[in-house]
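Visitor: Chain residues, written in single-letter form:
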Amino acid sequence: MNPMNWPVVFPEIVLLTMACVIAIADLFVSDPARRLTFWLTQATLAVVALLHLDALNAGQSMFGMQGMVVSDPLGHLLAFFAALATMVTLAYAQPYIAPRDMMKGEFFTLSLFSLLGVCVMVSANNFLVVYLGLELMSLSLYALTALRRDHGQSTEAAMKYFVLGALASGFLLYGLSMMYGATGSLDIQRVFEVIGKGQANQQVLVFGLVFIVAGLGFKFGAAPFHMWVPDVYHGAPTAVTLLIAGAPKLAAFGMAMRLLVEGLLGLATDWQQMLVVMSLASLFIGNLAAIAQTNLKRLLAYSAIAQIGFVLLALTSGVVSGNTLSAGNAYSSALFYMVTYVLTTLGSFGVVMLLARQGFESEEISDLAGLNQRSPWMAAVMALFMFSLAGIPPMVGFYAKLSVLQALVTTNLTGYLWLAVIAVLLSLIGAFYYLRVVKVMYFDEPAADARRLHGERGVQALLAVNGAAVLVFGLLPGGLMAMCSSAIVRALAT
Amino acid sequence: MGLLSVAIWLPILVGGVLLALGRDEHAGTVRWIALLGAFAGFLVTIPLITGFDVTSAAMQFQEKLPWIERFKAFYHLGVDGIAVWFVPLTAFITVIVVISAWQVITERVNQYMGAFLILSGLMVGVFSALDGLLFYVFFEATLIPMYIIIGIWGGPKRVYAAFKFFLYTLLGSLLMLIALLYLYFKSGGSFAILDWHKLPLPLSAQSLLFFAFFAAFSVKVPMWPVHTWLPDAHVEAPTGGSVVLAAIMLKLGAYGFLRFSLPIAPDASREWAWLIIALSLIAVIYIGLVALVQQDMKKLVAYSSIAHMGFVTLGFFIFSELGVSGGIVQMISHGFISGAMFLCIGVLYDRMHSREIADYGGVVNTMPKFAAFAVFFAMANSGLPGTSGFVGEWMVILGTVKANFWLAALAATALIFGAAYNLWMVKRVYFGEVANPHVKALTDIDSREFLMLALLAVAVMWMGLYPKPFTDVMHVSVTQLLQHVAQSKLN
Numbered sequence: 253m254n255p256m257n258w259p260v261v262f263p264e265i266v267l268l269t270m271a272c273v274i275a276i277a278d279l280f281v282s283d284p285a286r287r288l289t290f291w292l293t294q295a296t297l298a299v300v301a302l303l304h305l306d307a308l309n310a311g312q313s314m315f316g317m318q319g320m321v322v323s324d325p326l327g328h329l330l331a332f333f334a335a336l337a338t339m340v341t342l343a344y345a346q347p348y349i350a351p352r353d354m355m356k357g358e359f360f361t362l363s364l365f366s367l368l369g370v371c372v373m374v375s376a377n378n379f380l381v382v383y384l385g386l387e388l389m390s391l392s393l394y395a396l397t398a399l400r401r402d403h404g405q406s407t408e409a410a411m412k413y414f415v416l417g418a419l420a421s422g423f424l425l426y427g428l429s430m431m432y433g434a435t436g437s438l439d440i441q442r443v444f445e446v447i448g449k450g451q452a453n454q455q456v457l458v459f460g461l462v463f464i465v466a467g468l469g470f471k472f473g474a475a476p477f478h479m480w481v482p483d484v485y486h487g488a489p490t491a492v493t494l495l496i497a498g499a500p501k502l503a504a505f506g507m508a509m510r511l512l513v514e515g516l517l518g519l520a521t522d523w524q525q526m527l528v529v530m531s532l533a534s535l536f537i538g539n540l541a542a543i544a545q546t547n548l549k550r551l552l553a554y555s556a557i558a559q560i561g562f563v564l565l566a567l568t569s570g571v572v573s574g575n576t577l578s579a580g581n582a583y584s585s586a587l588f589y590m591v592t593y594v595l596t597t598l599g600s601f602g603v604v605m606l607l608a609r610q611g612f613e614s615e616e617i618s619d620l621a622g623l624n625q626r627s628p629w630m631a632a633v634m635a636l637f638m639f640s641l642a643g644i645p646p647m648v649g650f651y652a653k654l655s656v657l658q659a660l661v662t663t664n665l666t667g668y669l670w671l672a673v674i675a676v677l678l679s680l681i682g683a684f685y686y687l688r689v690v691k692v693m694y695f696d697e698p699a700a701d702a703r704r705l706h707g708e709r710g711v712q713a714l715l716a717v718n719g720a721a722v723l724v725f726g727l728l729p730g731g732l733m734a735m736c737s738s739a740i741v742r743a744l745a746t
Numbered sequence: 006m007g008l009l010s011v012a013i014w015l016p017i018l019v020g021g022v023l024l025a026l027g028r029d030e031h032a033g034t035v036r037w038i039a040l041l042g043a044f045a046g047f048l049v050t051i052p053l054i055t056g057f058d059v060t061s062a063a064m065q066f067q068e069k070l071p072w073i074e075r076f077k078a079f080y081h082l083g084v085d086g087i088a089v090w091f092v093p094l095t096a097f098i099t100v101i102v103v104i105s106a107w108q109v110i111t112e113r114v115n116q117y118m119g120a121f122l123i124l125s126g127l128m129v130g131v132f133s134a135l136d137g138l139l140f141y142v143f144f145e146a147t148l149i150p151m152y153i154i155i156g157i158w159g160g161p162k163r164v165y166a167a168f169k170f171f172l173y174t175l176l177g178s179l180l181m182l183i184a185l186l187y188l189y190f191k192s193g194g195s196f197a198i199l200d201w202h203k204l205p206l207p208l209s210a211q212s213l214l215f216f217a218f219f220a221a222f223s224v225k226v227p228m229w230p231v232h233t234w235l236p237d238a239h240v241e242a243p244t245g246g247s248v249v250l251a252a253i254m255l256k257l258g259a260y261g262f263l264r265f266s267l268p269i270a271p272d273a274s275r276e277w278a279w280l281i282i283a284l285s286l287i288a289v290i291y292i293g294l295v296a297l298v299q300q301d302m303k304k305l306v307a308y309s310s311i312a313h314m315g316f317v318t319l320g321f322f323i324f325s326e327l328g329v330s331g332g333i334v335q336m337i338s339h340g341f342i343s344g345a346m347f348l349c350i351g352v353l354y355d356r357m358h359s360r361e362i363a364d365y366g367g368v369v370n371t372m373p374k375f376a377a378f379a380v381f382f383a384m385a386n387s388g389l390p391g392t393s394g395f396v397g398e399w400m401v402i403l404g405t406v407k408a409n410f411w412l413a414a415l416a417a418t419a420l421i422f423g424a425a426y427n428l429w430m431v432k433r434v435y436f437g438e439v440a441n442p443h444v445k446a447l448t449d450i451d452s453r454e455f456l457m458l459a460l461l462a463v464a465v466m467w468m469g470l471y472p473k474p475f476t477d478v479m480h481v482s483v484t485q486l487l488q489h490v491a492q493s494k495l496n
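Just so you know, the protein sequences line up as chains S and R, in that order.
Note that the first sequence covers residues 253 to 746 in the numbering used here.
Note that the second sequence covers residues 6 to 496 in the numbering used here.
The hints are simulated quantities; they were obtained by calculation from the structure and are not laboratory data.
Just so it is clear, the structure is predicted and the values come from calculations on it, not from any experiment.
Beta carbons: idealized from backbone N, C-alpha and C, even for Gly.
It is possible that some hints are incorrect.
[As the list claims (entries may be wrong)] If you want the ones that stay clear, here's a sample from chain S, every Cβ over 12 Å from chain R, calculated:
#1 Ser282
#2 Pro347
#3 Ala466
#4 Ser679
#5 Val690
#6 Ala734
[What the hints assert, rightly or not] Some, not all, of what chain R presents toward chain S, calculated at C-beta under 7 Å:
#7 Arg75
#8 Leu175
#9 Leu176
#10 Pro268
[Unchecked claim] Distance condition first, Cα-Cα at most 20 Å in a straight line; then the derived EDC-like pairs of lysine to aspartate or glutamate:
#11 Lys494(R) to Asp301(R)
#12 Lys374(R) to Asp449(R)
#13 Lys191(R) to Asp272(R)
#14 Lys432(R) to Asp449(R)
#15 Lys432(R) to Asp301(R)
#16 Lys412(S) to Asp306(S)
#17 Lys162(R) to Asp483(S)
#18 Lys162(R) to Asp696(S)
#19 Lys169(R) to Asp696(S)
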């Protein structure tokens, strides 16, 4: 029997304890701005991020909780970025939620719990632990979406999110139980070994795999399981949209790595085919539907679908003709894509929140009109995000696309080469609607009642840092790339 | 930091500072800082010419630093005889553009100046990158400032033109990106352009690469039939945008043929040369005729640019020293002349707010100094001996005669059409009676406008009367390139 090995889950223990402490402490906060709650939450997140960073540098892969969780660079890297993303989200959100009657202890506690779910998922070593983390994260997010009780759109979005999310969880759980039936274990390593030896019933495995991939597709928000994405992104309060669009994407990637790669690599030829279909569908639907959007949040939702298509595309090129030589290359490009995408998404929703003010959501693309005249800095920052999402160098989004395309071309198979060409052509369509946002900000005149942006110096400064990161990682992407690829290589080695 | 790095990053740095800190309240200061930045950027490129070893075909002023280790991509810069003149040309044109905008641009001056300075640095980067990925990054990044320039300060249909410009060029370059990745894979994980030159490839792969590069560069040049974005972009862009577009951005495409298509896929280049020659001749003749019927002066010059760039690609693909050198000379010369032509139109437009030929007539009576310049540049544009326009076209035609007399005869018709559309425009706009009260009210150019036109006129004359400094520099590199292209790389 494996030992408990408590230090492995130390960051999660800190997170759980502090989430409870903050929930209680908030009861005694009389300050309407809830400064204490906010700063305690931020401090907790900073500590968790640092703990994960420290563990990442320590580097040794260890198992804990009787083999239920694993401490490896991949998990720590994802958890680190997730904690960072949550920190940034809350910082952007603080001025937004106050006038919308959401500045309550629940907002912060639930955010912490959803992060806890993310952390559990990305370091799970057991199918049930993956599921446990997923549910913790999802339930927190459902509740967060519904936090504005008296707001019809939010409530509707929460219902939609909950029903479809529960369905997806059901799929996933069903698939996992199939795996258990075929292999007799829930332990990821053990499942991998059994499949590798060819002892399991192939039909049951593939049958279960379909459900697992479908469940993952829901969580990624990939077509054809993308229906909830635009509605939830649109309906949820923007602060919560960002909570959904940030860290959970990293979690979905972690989940895909743990389930598909570490557990079911033996079935790679099967799930890669499914992912190819899903990624192409996502690229098509995401890019084409985004053109028709007038609402900025919906546009970013469809853009998220398209971007996820690229991530899935990278995951498809790991195992080529039964050979895993290119796996490190493929999965690290997917990880790099995910990390840079989250970085960019944080900023773009941050701008949307900054522009919103009391009684006015600033969600339409036309609300950005003439932003360059109202606030040249914020317009420039938003333009950086848009060009990055479109994949124009020297922004970091370009290198993300580049590394995915490189992984495809390196397989040296005509089929993958065509996939790369299709992906490239579809991203050209994508460039159109990102450019349209830039056009509205720079070429259109501001509306008559639009004012110069003022106030929120802190948020503006953070957005500028976020924009600078998109540019600097674009000029010098080497470090971040190396970080991602070493995490993947070491995860594959175990 | 080497010279090339300074030439790239100095303008970008100054541009970035202007973007970040400039305000319209301090427009005067912004202008002077922009001018100083552009001028300093030009000064640092002069040692590139004076210190260039004309007897060597090797890359000079090289700098190599590790950049992205995962891709084994390097920050590798260097210029040979083919590229070196374009660096000072870019910086020079930027100085002119800053001067030309001095009083014309009054809103968001810092963004205008900043965009042009950044654009200048990026374009120098394209000409000096020796790493495929670095080249691509610079090549693509130039789209962003140009998109903004056309979109903010352009004419009534500026949004359409900006989108068309961006998406058209992006489509071409994305296909090139796949080609670059394919080469990266085939060369065993190297982005070094010079390694790719030596890489043996089968004809089928070469052809695919050739067409992928063709997609990127033919759009940029632009060649017939993918030229349609250019008239739109030129007409809608502000004067400075048109100048940079015509003078330098089009050259990025032609330069790409020399740096990528010819040396990386020499067999495919020879295989498909007929296609390029045919398209070039169509550009020269058909687009020349199209230019003849234009009502809008900017459109006329835009079409004439396409026709002149046809000469460049024609020269490249007849694979003779005269042809290739002539093409490069034509590129540099067209940089000066087309820039000057657009500036002349800008001078008129600033006063009359019209580019229609029909709105003018007899300008020489009210603006004698300006008309002298304008007529001179129109003559240069039609290839008058003694101006730079003559040298390049003459060399290309001479090279073509050696290859095939009839091709040369067809190409030479361009001189006739060129003279026709230029002189006809001159007649209608500048000569004759004063056409209307607006023309009567025109004031002649001031010292600022005189300065920018005079600088360009000197350059055009210099290159026309004494082209030796230009041809000497490129001679060894061109010879080596042609030897390389003549050898088969099939394996």
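Visitor: Hints first: check each against the structure and report whether it holds.
Guide: Do the hints match the structure? See the list:
1. Every beta carbon of chain R lies more than 12 Å from that of serine 282(S), the smallest distance being close to 42 Å; the non-interface claim holds.
2. Against chain R, the non-interface label of proline 347(S) holds: every CB pair exceeds 12 Å, the least being about 24 Å.
3. With a least CB separation of 31 Å from chain R, alanine 466(S) remains clear of the 12 Å interface cut-off, as annotated.
4. Here serine 679(S) does not stay apart from chain R, with its beta-carbon only about 7 Å from theirs, under the 12 Å limit.
5. Consistency note on valine 690(S): stated as away from chain R, yet its beta-carbon is not over 12 Å from all of that chain's, at 8 Å minimum.
6. Annotated as non-interface, alanine 734(S) brings its C-beta within 12 Å of a C-beta of chain R; the closest such distance is 6 Å.
7. The criterion of a C-beta within 7 Å of any C-beta in chain S is met by arginine 75(R), whose closest approach is roughly 5 Å, and the hint holds.
8. A hinted interface residue such as leucine 175(R) counts as satisfied when its beta carbon comes closer than 7 Å to some beta carbon of chain S; here the least separation is about 6 Å, so the hint holds.
9. Checking leucine 176(R) against chain S: minimum C-beta separation of about 5 Å stays under 7 Å; hint holds.
10. Taking 7 Å as the C-beta cut-off, the interface hint given for proline 268(R) is violated, the closest approach to chain S being about 21 Å.
11. With a C-alpha separation of about 47 Å, the suggested pairing of lysine 494(R) with aspartate 301(R) is violated against the 20 Å cut-off.
12. A hinted pair counts as satisfied when its Cα atoms are at most 20 Å apart, and lysine 374(R) with aspartate 449(R) qualifies at roughly 7 Å.
13. Using a Cα cut-off of 20 Å, the hinted pair lysine 191(R) and aspartate 272(R) holds, with the two alpha carbons roughly 17 Å apart.
14. In summary, the hint linking lysine 432(R) to aspartate 449(R) is supported, as the alpha carbons are separated by about 18 Å, within the 20 Å threshold.
15. Of the supplied pair hints, the one linking lysine 432(R) and aspartate 301(R) holds, its CA atoms being roughly 14 Å apart against a limit of 20 Å.
16. The straight-line distance between the Cα atoms of lysine 412(S) and aspartate 306(S) is roughly 39 Å, outside the 20 Å bound, and the hint therefore fails.
17. The suggested pairing of lysine 162(R) with aspartate 483(S) is violated, with an alpha-carbon distance near 35 Å, which exceeds 20 Å.
18. Proximity of lysine 162(R) to aspartate 696(S) is assessed by CA-CA distance (about 12 Å); at most 20 Å being required, the pair is judged to hold.
19. Note on lysine 169(R) and aspartate 696(S): the hinted pairing holds, with a Cα-Cα distance of about 17 Å set against a maximum of 20 Å.
The structure fails to meet hints 4, 5, 6, 10, 11, 16, 17 from the earlier list, while all remaining hints are met.
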